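Number of protein chains: 4
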Amino acid sequence: MRIAVIGYSGPIDKDPVKSLEEICVQTGRVLAQKDHTIITGGRDGVMELVARGAKEASGTIIGVLPKGARGNPYNTINLDTGQDYLVRSLVLIHAADMVISIGGEVGTLFEIVTSYAYQKPVILFRGTGGWTDRIAPTLIDGYYLDNRRLTKILQISSIEELMLHI
Amino acid sequence: MRIAVIGYSGPIDKDPVKSLEEICVQTGRVLAQKDHTIITGGRDGVMELVARGAKEASGTIIGVLPKGARGNPYNTINLDTGQDYLVRSLVLIHAADMVISIGGEVGTLFEIVTSYAYQKPVILFRGTGGWTDRIAPTLIDGYYLDNRRLTKILQISSIEELMLHI
Amino acid sequence: MRIAVIGYSGPIDKDPVKSLEEICVQTGRVLAQKDHTIITGGRDGVMELVARGAKEASGTIIGVLPKGARGNPYNTINLDTGQDYLVRSLVLIHAADMVISIGGEVGTLFEIVTSYAYQKPVILFRGTGGWTDRIAPTLIDGYYLDNRRLTKILQISSIEELMLHI
Amino acid sequence: MRIAVIGYSGPIDKDPVKSLEEICVQTGRVLAQKDHTIITGGRDGVMELVARGAKEASGTIIGVLPKGARGNPYNTINLDTGQDYLVRSLVLIHAADMVISIGGEVGTLFEIVTSYAYQKPVILFRGTGGWTDRIAPTLIDGYYLDNRRLTKILQISSIEELMLHI
Chain A
18 MRIAVIGYSG PIDKDPVKSL EEICVQTGRV LAQKDHTIIT GGRDGVMELV ARGAKEASGT
78 IIGVLPKGAR GNPYNTINLD TGQDYLVRSL VLIHAADMVI SIGGEVGTLF EIVTSYAYQK
138 PVILFRGTGG WTDRIAPTLI DGYYLDNRRL TKILQISSIE ELMLHI
Chain B
18 MRIAVIGYSG PIDKDPVKSL EEICVQTGRV LAQKDHTIIT GGRDGVMELV ARGAKEASGT
78 IIGVLPKGAR GNPYNTINLD TGQDYLVRSL VLIHAADMVI SIGGEVGTLF EIVTSYAYQK
138 PVILFRGTGG WTDRIAPTLI DGYYLDNRRL TKILQISSIE ELMLHI
Chain C
18 MRIAVIGYSG PIDKDPVKSL EEICVQTGRV LAQKDHTIIT GGRDGVMELV ARGAKEASGT
78 IIGVLPKGAR GNPYNTINLD TGQDYLVRSL VLIHAADMVI SIGGEVGTLF EIVTSYAYQK
138 PVILFRGTGG WTDRIAPTLI DGYYLDNRRL TKILQISSIE ELMLHI
Chain D
18 MRIAVIGYSG PIDKDPVKSL EEICVQTGRV LAQKDHTIIT GGRDGVMELV ARGAKEASGT
78 IIGVLPKGAR GNPYNTINLD TGQDYLVRSL VLIHAADMVI SIGGEVGTLF EIVTSYAYQK
138 PVILFRGTGG WTDRIAPTLI DGYYLDNRRL TKILQISSIE ELMLHI
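Chains as they are written, first to last, in this note's numbering: chain A, 18 to 183; chain B, 18 to 183; chain C, 18 to 183; chain D, 18 to 183.
The hints are simulated quantities; they were obtained by calculation from the structure and are not laboratory data.
Worth double-checking, as some hints may not be accurate.
Same chains, same label: a pair holds when it works inside one copy or across any pair of copies.
What the hints assert, rightly or not - Taking lysine to aspartate or glutamate pairs in the EDC-like style, the calculated list, with each CA pair at most 20 Å apart, reads: (1) 35 x 61; (2) 35 x 163; (3) 31 x 177; (4) 84 x 178; (5) 72 x 38; (6) 31 x 101; (7) 84 x 61; (8) 84 x 114; (9) 51 x 39.
Fair warning: this is a prediction, and the values are worked out from it, not measured in the lab.
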């Protein structure tokens, strides 16, 4: 499968990203070990740490970048979409079969909403802060962003639980 | 100003849209009376009722449509963007100076998030249900979708209050 | 009908635009007189002169702009699509029922090709230079950009001839 | 480098694609041997043959697909952009550092024009028919699509000549 990992951008040596280092690196590693292709927004933060973990496990990581952005050093391939960061996110999400969310500001919220609209299953890695945690209590019946029930949004809180879904 | 109105799609003679008829028609009317150009997603539901109100007050209404969709009969101009409904929404929001939200399912949530990301002020018409109400308690300090505080999301609950902002 | 007019950008008091002033203003005028909505890329050059002619005849002119661009003073409505100038052109062409081309550099060529791909009939105003003239000899059987014959590209060389098609 | 190869779609066992088999397979092979990442539109025709050649030489091939399209079996990674085939082509071209064109109908012309607009160097593989050959005589000073001279469009007519540029 192609699995997108979305979440906080920002420097990896500062919070909130720093505290998520182990979760991110492990997520990348287990995805690669299960031979999934990892797709991210290609830059720093959660994206970089996940890519680092995936690369250690010899995984393939595609960075789907907004116009002119630079990919992190762990991406196997950088794809500069030439578009703004929202259009870039539409392409990124559509390219994935499943989406894992870790922390995240409004860009991550945008991607969670896009995943649901494009009917891509989402896994919220709970306890990682940001919109990954804040969207959870709004879900209808614990799973859906609206009454159309387009796809399920699941919640996990450990790498072990993640492995049951990938 | 160009003011986008977003919200529920669906038949105007059935709930949840039917109960919002007066709010929608009045919103369209006051926007037109103040000489704003109204921009909507162009179809039925809230979009149609707002356009009807605006047309009664001789307003200009632009329907920014997804590929192949048909505009409601009150639009002054229908613009078929040729793109899917999410890309269409990016164009629609970017074209507006301000956004008013009434009820709404995931498409409306997508547009609220896009408005914030593109730094367009949003007015939530509270009490109209859907994501317009559900997004409110998630706002940081009552105004923001994330810590970057890109633009303010305001809340009103009557046409009188709306008129203070337009 | 919604009719897009495409062509040279650039200052209207300098060639190549200056020499096309009469053709552009008259094109705008006759389109407005026949009650067509005029759609352009919204900026200077051919777009501005066509909009001026249309406005003199009380026409409606929509400027479909790339991110952050400023519309010319004759547009009835400016729509900032928020996207780069190529994505903007996809939206502009899709929104039109027919396309008229006057002169033009690579942006105009892009729009002629897009019109054909989206199956929108194109009218080349011959003798106006640029890609409007340069594309003509490449047409298969005088009408088509490729063997799929997706739509006809017609050629005219006067306002009188134009009026037979609008 | 990331090098896009564009050209005819269609069945590989029928002309015009069939006659181009050797050129396409060899192009893919030499690009892979020089460690370039190959980007294509991901489907059949020239795209499939180039991918086959690249795969034989253990290259990495990314197929950038329009919504819902299926990639050919030689792609290393398929990216479904979720967008129509023109928006897809904007992303595909922007992701490349250089573009090689072999034959092609209007989609290829669209991509040649996009490459020039996004300032990506283009190499026309002459003698392969379609727009790759038909665009050549229109070039200003033999290299440019317009007077802005945004990037050079080169012409080659053998694999040996191609190797001088990659």
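Up to 20 Å between alpha-carbons, please classify residue 35 paired with residue 61: within, between, both or neither. within (11 Å within a copy, 45 Å between copies)
Check residue 51 against residue 39 for me: Cα-Cα at most 20 Å, and say if that holds within a copy, between copies, both or neither. within (18 Å within a copy, 37 Å between copies)
Regarding residue 84 and residue 114, is the shortest C-alpha distance of 20 Å or less found within a copy, between copies, in both, or in neither? Answer is between; shortest inter-copy Cα gap is 13 Å, intra-copy 24 Å.
Indicate which option fits the pair residue 35, residue 163 if close means a Cα-Cα distance not exceeding 20 Å: within, between, both or neither. Answer is between; shortest inter-copy Cα gap is 19 Å, intra-copy 33 Å.
From the Cα coordinates, with 20 Å as the cut-off, is the pair residue 31 and residue 101 best called within, between, both, or neither? Classified as neither: same-chain Cα gap 26 Å, cross-chain 33 Å, threshold 20 Å.
Since the copies are identical, ignore which copy is meant and state whether residue 84 and residue 178 lie within 20 Å (CA to CA) inside a copy, between copies, both or neither. neither (35 Å within a copy, 32 Å between copies)
Quick one: residue 84 to residue 61, C-alpha cut-off 20 Å, is that within a copy, between copies, both, or neither? within (15 Å within a copy, 26 Å between copies)
Is the C-alpha distance from residue 72 to residue 38 at most 20 Å within one copy, between copies, in both cases, or in neither? within (15 Å within a copy, 36 Å between copies)
Checking residue 31 and residue 177: alpha-carbon separation at most 20 Å within a copy, between copies, both or neither? For residue 31 and residue 177, neither the intra-copy (26 Å) nor the inter-copy (46 Å) Cα distance is at most 20 Å.
The structure shown violates the earlier hints numbered 3, 4, 6.
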